[in-house]
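Let the sequences and hints guide you as you build the complete structure.
Residue 173 in my numbering sits at position 173 of the sequence shown, and the numbers go up by one each step.
Do not rely on the hints blindly, as some may be mistaken.
What the hints assert, rightly or not - Distance condition first, Cα-Cα at most 27 Å in a straight line; then the derived DSSO-like pairs of lysine-lysine:
no. : residue 1 : residue 2
1   : K186      : K73
2   : K120      : K49
3   : K21       : K49
For the record, the hints were derived by calculation from the structure and aren't laboratory data.
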Amino acid sequence: MRPESRKEEIINAASILFKEKGYSAVTMRDLAKAMGIKAASLYNHIQSKQEILATIIIDLAEKFTNGMDRIVKSDENTIQKLENIIDLHIDVTLSNADGLASLNNDWMHLEEENLQYFEKMRQDYEENFRDIVKRGVSRKEINSFNIEIIVFSTLSTLRTLYLWYPKQRNIDAEILKHDMVSVLLKGIA
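Right under this line is the structure:
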């Protein structure tokens, strides 16, 4: 595993602070203090707090978008595609739970171009998810419940994993994947 660059260290430290305090409440001085450096030193590696936020959110949104694109293009059935979406969310959560706080809570602070790009990725992601569910219902691969309830309940659960999973001490990632798939796709009854 390659060592983190200084810019990556800054972004990771900022992710933690943004999760703890929210983007608006964090200053560059807070970030510098958390890293044990002078605020002016941060600017040798990044241009602004906005650049940090955009890097965090856009990188994560692109991971979701690229993963969804692979899933949509696959020849797998609906259940396998939904399982792959659950796995995608778990993998991204485990790789950057702190960054997901910004993706979910601070995206509205993105500046115009990045905001539009993010919103488009998010809308496309949700529409792809919705289309997979619709196709599964029409093919009778999944139960005919209200599509919007399926989309909302599944994505809401997956989008908040970053809050819940770090507090779990005894749940292995593979157990999480297996049980999340079972509960979200098969229910508990």
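Worksheet item: Looking at the structure, which of the earlier hints fail to hold?
Response: none
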